[in-house]
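From first to last, the protein sequence lines stand for chains A and B.
So the first sequence is numbered by the numbering used here: it starts at 1 and just counts up by one.
So the second sequence is numbered by the numbering used here: it starts at 1 and just counts up by one.
Calculated directly from the structure, the hints in this document are not laboratory data.
Please read all numbers here as calculations on a predicted model, not as lab measurements.
Every residue gets a Cβ at the ideal spot worked out from N, C-alpha and C, and that includes glycine.
Don't take each hint at face value.
Unchecked claim - In silico SDA-like cross-links for lysine to any residue, where the CA-CA straight-line distance does not exceed 25 Å:
id, chain 1, residue 1, chain 2, residue 2
1, B, Lys102, A, Gly176
2, B, Lys160, A, Tyr106
3, B, Lys108, A, Met235
4, B, Lys47, A, Ser178
5, B, Lys118, A, Val183
6, B, Lys136, A, Pro265
To be verified - These stretches of chain B come out as covered by chain A in the derived footprint (C-beta under 8 Å, 3 or more residues):
id, segment
7, 64 to 75
8, 151 to 158
9, 171 to 181
10, 194 to 203
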Amino acid sequence: MKRLMNLRPSKGTAIFLGLLPFLLVAIMYLFASDARLAENPNDKLLPALTTFSEAIDRMAFTPSERTGEILFVQDTVSSLKRLGFGVLISAILALLMGIPLGLIPYVRNGLSPFVAAFSMVPPLAVLPILFIVFGMGEIAKVALIVIGVTPLIVRDLQQRVSEIPAEQLIKAQTLGGSTWTIVLRVILPQMLPRLFDAVRLTLGTAWIFLISAEAIAATEGLGYRIFLVRRYMSMDVILPYVAWITFLAFLFDFIIKKFTYKMFPWYTAGKETK
Amino acid sequence: MSLISVKNLYKEYGDNVVLEKLNLEIKEGEFCTLVGPSGCGKSTFLKMLLGQETPTRGTFLFEGKPFPKEPSVERGIVFQRYSVFSHLNVLENVMLGIELEKSRFFGKLFGAKRKEAKKIAMDMLESVGLENSAYKFPSELSGGMQQRLSIAQSLVKKPKLLLLDEPFGALDPGISADMHTLIQELWKKNNLTLVMVTHDLHEGFHLGTRLLVFDKIRHDPHAPDRFGATITYDIPISDTSETTLNKIDKSIKKREKNDN
Numbered sequence: 001m002k003r004l005m006n007l008r009p010s011k012g013t014a015i016f017l018g019l020l021p022f023l024l025v026a027i028m029y030l031f032a033s034d035a036r037l038a039e040n041p042n043d044k045l046l047p048a049l050t051t052f053s054e055a056i057d058r059m060a061f062t063p064s065e066r067t068g069e070i071l072f073v074q075d076t077v078s079s080l081k082r083l084g085f086g087v088l089i090s091a092i093l094a095l096l097m098g099i100p101l102g103l104i105p106y107v108r109n110g111l112s113p114f115v116a117a118f119s120m121v122p123p124l125a126v127l128p129i130l131f132i133v134f135g136m137g138e139i140a141k142v143a144l145i146v147i148g149v150t151p152l153i154v155r156d157l158q159q160r161v162s163e164i165p166a167e168q169l170i171k172a173q174t175l176g177g178s179t180w181t182i183v184l185r186v187i188l189p190q191m192l193p194r195l196f197d198a199v200r201l202t203l204g205t206a207w208i209f210l211i212s213a214e215a216i217a218a219t220e221g222l223g224y225r226i227f228l229v230r231r232y233m234s235m236d237v238i239l240p241y242v243a244w245i246t247f248l249a250f251l252f253d254f255i256i257k258k259f260t261y262k263m264f265p266w267y268t269a270g271k272e273t274k
Numbered sequence: 001m002s003l004i005s006v007k008n009l010y011k012e013y014g015d016n017v018v019l020e021k022l023n024l025e026i027k028e029g030e031f032c033t034l035v036g037p038s039g040c041g042k043s044t045f046l047k048m049l050l051g052q053e054t055p056t057r058g059t060f061l062f063e064g065k066p067f068p069k070e071p072s073v074e075r076g077i078v079f080q081r082y083s084v085f086s087h088l089n090v091l092e093n094v095m096l097g098i099e100l101e102k103s104r105f106f107g108k109l110f111g112a113k114r115k116e117a118k119k120i121a122m123d124m125l126e127s128v129g130l131e132n133s134a135y136k137f138p139s140e141l142s143g144g145m146q147q148r149l150s151i152a153q154s155l156v157k158k159p160k161l162l163l164l165d166e167p168f169g170a171l172d173p174g175i176s177a178d179m180h181t182l183i184q185e186l187w188k189k190n191n192l193t194l195v196m197v198t199h200d201l202h203e204g205f206h207l208g209t210r211l212l213v214f215d216k217i218r219h220d221p222h223a224p225d226r227f228g229a230t231i232t233y234d235i236p237i238s239d240t241s242e243t244t245l246n247k248i249d250k251s252i253k254k255r256e257k258n259d260n
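Whole structure, please, built from the sequences with the hints as guidance.
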């Protein structure tokens, strides 16, 4: 008998093992839900599957009586707009700041302490300021994501730029590059896939800020909805929304990863063998 | 006139003297190899030739003028590793030098000019034997091929001085013999002036036209940094006999033993 650490499951077993925890949680939920509902048919904490499908039908397939819009679609679109703009602005800002910070000593000495201090400010603590300055509209919510996410990406990119081997930068200078053309031809192209990586890893953080901002001040959005229906203990709406948010987060992670693999074959070439 | 002219040059880091009283003239077309025990300042000297370091005192002239204080196109470099661009394929790696020179703002050529650059780069790849790998990325190349690429990258700039920093140190013996042949060939064909640092004394003895040995003459065991290294042997390769080799080898080994 081999040691446990040397035993490898076959492909089929591996898939089954991967699905098993999901199945177990689902079965546990069904039993617990049944047990609670048997005791009190009006229990709202663990709704039955039929209640879920009713709620999903109401939110996602029936236009709202008040506005004529489908709430679920409206919530998703407005949340994704905020998230998209927030992350896009962060990525652009991070690229504009991270490369000079990593490459140019004057910029690094001048700005590094400030960036380090700024990134320590808890973004949620400045949320009230954002609401005061930008009002309760969209800008404040996008700004929260930008303030929360940009410093993370900036510091990551700065680190990556300074990890470029000195040999490469010297070589580029002997090939006739100026600071600007070296940024354009050597550093920027090497940083793009790393930027996508950084964005992917900070998406989770971006979601946190999005949902927090929506919970506090919004009139639609995924975060707004779950915090709104919390008042009625509508677990039948909250749980599908949470599942949907999780799925979206997973989807974006997957898409960005595939995109990076496709766009930058040289970047992943060394990684896949690891 | 000498290409490189060094008179009474010192390099110090605070109290640590790395090089002292260095005198050297290198003419165009020479192929010098620099050997010496580790920590003898041969790499520091190469960095000064490159513009990464500057001397503390002394005369240090390139074509009769003071050395430029940062790396420039006159001096090409091939490092032991990391000197090719991982995000460009082999052909683009060689084209980069042409593009950076011809397109001062974008560093990139388009259309007819790009075609022209491509042709020059292709010819260069042929002369180092990489024409069949033009569209591969450096990560797909072996160590020896990466060094060929790095040499091609530098040669496309037609540098007045090509510096090689232990270029074959990380290669298998068979491959590094191939590389010796290649570098000799390129040196003769392109009228290059080469300065190569190596830790392999035999390599230094059989390549090039002139062997320079860096070592400390004076040594204070209580303050090993008190005295710097200087050139202890400066011999034309035609003069190199087995006895000289053994003598130098012995003195280097002795120094390294003393230092440890």
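To see whether the hints hold, each was checked on the structure:
no.: 1; hint: B/Lys102 / A/Gly176; in the structure: holds (9 Å)
no.: 2; hint: B/Lys160 / A/Tyr106; in the structure: violated (32 Å)
no.: 3; hint: B/Lys108 / A/Met235; in the structure: violated (58 Å)
no.: 4; hint: B/Lys47 / A/Ser178; in the structure: holds (20 Å)
no.: 5; hint: B/Lys118 / A/Val183; in the structure: holds (22 Å)
no.: 6; hint: B/Lys136 / A/Pro265; in the structure: holds (11 Å)
no.: 7; hint: 64 to 75; in the structure: holds (count 5)
no.: 8; hint: 151 to 158; in the structure: holds (count 3)
no.: 9; hint: 171 to 181; in the structure: violated (count 0)
no.: 10; hint: 194 to 203; in the structure: violated (count 0)
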